[in-house]
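Given these sequences and hints, build the entire structure.
Listed in order, the protein sequences are those of chains C and V. Residue numbers for the first sequence follow the working numbering, so the first one is 661 and each next one is one higher. Residue numbers for the second sequence follow the working numbering, so the first one is 20 and each next one is one higher.
There may be inaccurate statements among the hints.
[Claimed, not checked] Take a look, some chain V residues computed to stay more than 12 Å from chain C by CB distance:
(1) Ile-77
(2) Asp-110
(3) Tyr-188
(4) Phe-204
(5) Pro-218
[What the hints assert, rightly or not] Some, not all, of what chain V presents toward chain C, calculated at C-beta under 7 Å:
(6) Gly-190
(7) Asp-194
(8) Gln-266
(9) Phe-268
(10) Glu-270
(11) Ala-271
(12) Ala-274
(13) Tyr-275
(14) Gly-276
(15) Gln-286
(16) Asn-290
(17) Gly-317
Keep in mind that the hints were calculated from the coordinates and are not lab data. Note that beta-carbon positions come from the ideal geometry of N, C-alpha and C, so glycine has one too.
So the chains spell out like this:
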Amino acid sequence: MTQLLEVTDLTKHFPVRSGAFRSGVGVKAVDRVSFSVDAGQTLGLVGESGCGKSTTGRMLMRLLQPTSGSIRLDGREISELRRSDLQEYRRQVQMVFQNPSSSLNPRQSVGSAIAAPLLAQRITPRGGVKAAVRDLMDRVGLRPDHYNRFPHEFSGGQKQRVGIARALALNPRLIICDEPVSALDVSVQAQVINLLEDIQRDTGVAYVFIAHDLSVVKHFAHRVAVMYLGRIMEHGETREVFDTPRHPYTQALLSAVPKADPAADRSGRIRLTGDLPSPTDPPSGCVFRSRCQLRPRLDPERAALCADSVPGGTIACHHHTTGM
Amino acid sequence: MLDPHVPPSRTPRADPSVPTAEQVATLSPPSATTPPAPSSAAEPAGARTLLGTAWLRIRRSRVAVGSLVVVALIVLFAILAPVLSAIEGQDPYTSLTGPDYLDGVDTPGLPLSYYRYPSTDHWLGLEPGLGRDIFARMAYGARISLVIALLSTMVSVFLGTVIGAAAGYFGGKVDMVISRVMDLFLAFPHLLLVLSLTPILQSRLGGTALDSGSLLPVASLVIILGFFGWAYLARVVRGQVLSLREQEFVEAARAYGASRRSIIFRQIIPNVMGVVLVYATMLIPTNITAEAALSFLGVGVKDPTPSWGQILNAAQAGNWYLSDPWFLAVPAGALVITVLAFNLLGDAVRDALDPKSSRH
Ligand SMILES: Nc1ncnc2c1ncn2[C@@H]1O[C@H](COP(=O)(O)OP(=O)(O)O)[C@@H](O)[C@H]1O
Ligand SMILES: [Mg+2]
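Set out below in structure tokens:
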């Protein structure tokens, strides 16, 4: 597999404008995040709401400038691209947004919304823009004669299909999907995910698929990265992560996924205690330590390690090999 | 009623302090209740665009249609002033004086009773004192009054939209400076300022290309009213743009490489046009009233040029409203009807464009 995207130590700090934190670094929305995506594959980026998934996605799309770290596409650094290079990058990488309603301009027909990327990039496909748009609409399961309709005439799932067609218009190699199905009914979620899979099979596009729900990515992603408070806790092949989760946070998340069999044993369910710490003031050392189910069972010397040093690696835990 | 700049009491529902992103985003009933497209295919394509829906709603409201008809009649009245006066056989400047027309004994200058009230010769009677035809002066006056109101509204709407959009889109320092200027404009005692500035402006414009016939007062009122009327709209537009800027469809446009220009003109401006249109229909009557007030107070349009405010001024100037109340009733009635019609129309436009309204 050839590597398409490589992210190293990507960091984004937002200044906080209220009182006490004015002088500090503010919110560490994303903190030294590293992962890679192979061509034609899907990386699932999972974590609770507010853990920095969208911020990561928006940095990859260059909608936000990273505070530090590197983003490489085909080995080429893109976090400093300007003007025409950036414009060229936007042909390679596109994005599907979370909210199907606000991701479409209410005053723009869906046809011209899908055509807009072609016009912005001054691309004239063979056969003309209109034909290309009709073809795209057909590919995402929209009726091409809905070209002149407006977003409010469509259901949430259909709007998301419009968003996917718009992202496909430039024939990108990577699409960042920021919780594309979270706002949809469960039955519609499956349809949209199937569509994304079909598109991947046909075009070989790679996805960074953001979700707050592990079960959504289980059958879809090739690799998974689990985020917590701006950091990646565990990163690996989907099957490995689901079958033998090694980070206590992943274990807790997986134990909370409802089992298909209602009679299944639920005694193994791990409940996370305590509140999610504020991202303006995360715990020192391991950010997960304040809620970790493993830590109370450690001897004091090893527990101190959690507070003192930041764990690294694909499994960001000091104790994962021995602590199980 | 005299202050042109305090927004009309029934202002557009878009409260500048409340972000209207949601309003923009949820243009339709929640998606769950929106029928999937195949089942809505029975409707003719394009029939349910937002403006189309708005037009349908206007047509279904009796008040809206009524006010639209009245507004159209008033505009026609102004446009056709020369034609209507020709049919009547009168013009707005000829004075009919002497004992055949005006009383010379008890109340010198009061038209004889045949000429005081509507007749086949003079459809709205004669003006006391100068003996000019009131109908012709009202018709020509409507042109001046409406032109001033429309042009000054256009100036305000242009300034308000551009300045408000700039503040909202660029944010930061630009926004801070513009917002303070808006606050300043909104805090001014406008009437006093306009009253004192208009004569100054008129004397400045004197001798320039604008100083010919009735152009000078028209130009000065357009400039003054237009210049003082933009701040409220700018604040509304700023609020809208501020929330629009954060919408995902604007991010999407940035993501596929749309230019800043195309984001402003294709993505943002079309979404504020609704509120701008509503505000414009409500600013017109405000400016009609303001023109009348200024001319009535003697700093706007001056005799012999007619405008509705100037005619009101003439009615009170010689205390004619005591002996000839009809002469006061004509311009006052016309103003009330016009302002009412425009305000009702503005309400109707606002309701029709309101995405949250369920009336179809
Ligand atoms: N523009 C911003 N300014 C300040 N803080 C932000 C901004 N965007 C996101 N954040 C903060 O960064 C953190 C991560 O947000 P986000 O990436 O949206 O999370 P997720 O998508 O995982 O729910 C949150 O605490 C959020 O409040
Ligand atoms: Mg998010």
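Problem - Least C-beta distance from Phe-204(V) to chain C larger than 12 Å - result: Its Cβ never comes within 12 Å of chain C, the nearest being 27 Å, so this holds.
Handout entry: Hinted contact Gly-276(V) with chain C - closest CB pair below 7 Å
Key = holds (4 Å)
Practice task
Closer than 7 Å between Cβ atoms is the bar; does Glu-270(V) clear it against chain C? Give me holds or violated.
Solution key: holds (6 Å)
Exercise for the section: Report holds or violated for the interface hint on Phe-268(V), using the least CB-CB distance to chain C and a cut-off of 7 Å. Expected result: Hint on Phe-268(V): holds, closest Cβ of chain C at ~4 Å, below 7 Å.
Problem - 12 Å cut-off, C-beta based - Tyr-188(V) kept clear of every residue in chain C - result: Holds, since 15 Å exceeds 12 Å.
Handout entry: Hint status (Cβ of Asp-194(V) to nearest Cβ of chain C, threshold 7 Å)
Key = violated (15 Å)
Handout entry: Per-residue hint verdict: Gln-286(V), partner chain C, C-beta under 7 Å
Key = holds (5 Å)
Handout entry: Restraint outcome when Gly-317(V) is required to lie within 7 Å of chain C by C-beta distance
Key = violated (46 Å)
Practice task
For the hint on Ala-271(V), just tell me whether its beta-carbon gets within less than 7 Å of chain C.
Solution key: holds (6 Å)
Exercise for the section: Report holds or violated for the interface hint on Gly-190(V), using the least CB-CB distance to chain C and a cut-off of 7 Å. Expected result: violated (13 Å)
Handout entry: Hint check: 7 Å Cβ-Cβ cutoff, Asn-290(V) to chain C
Key = holds (6 Å)
Handout entry: Asp-110(V) and chain C, when compared Cβ to Cβ, separated by more than 12 Å
Key = holds (48 Å)
Violated hints, in rising order: 6, 7 and 17; the structure is consistent with all others.
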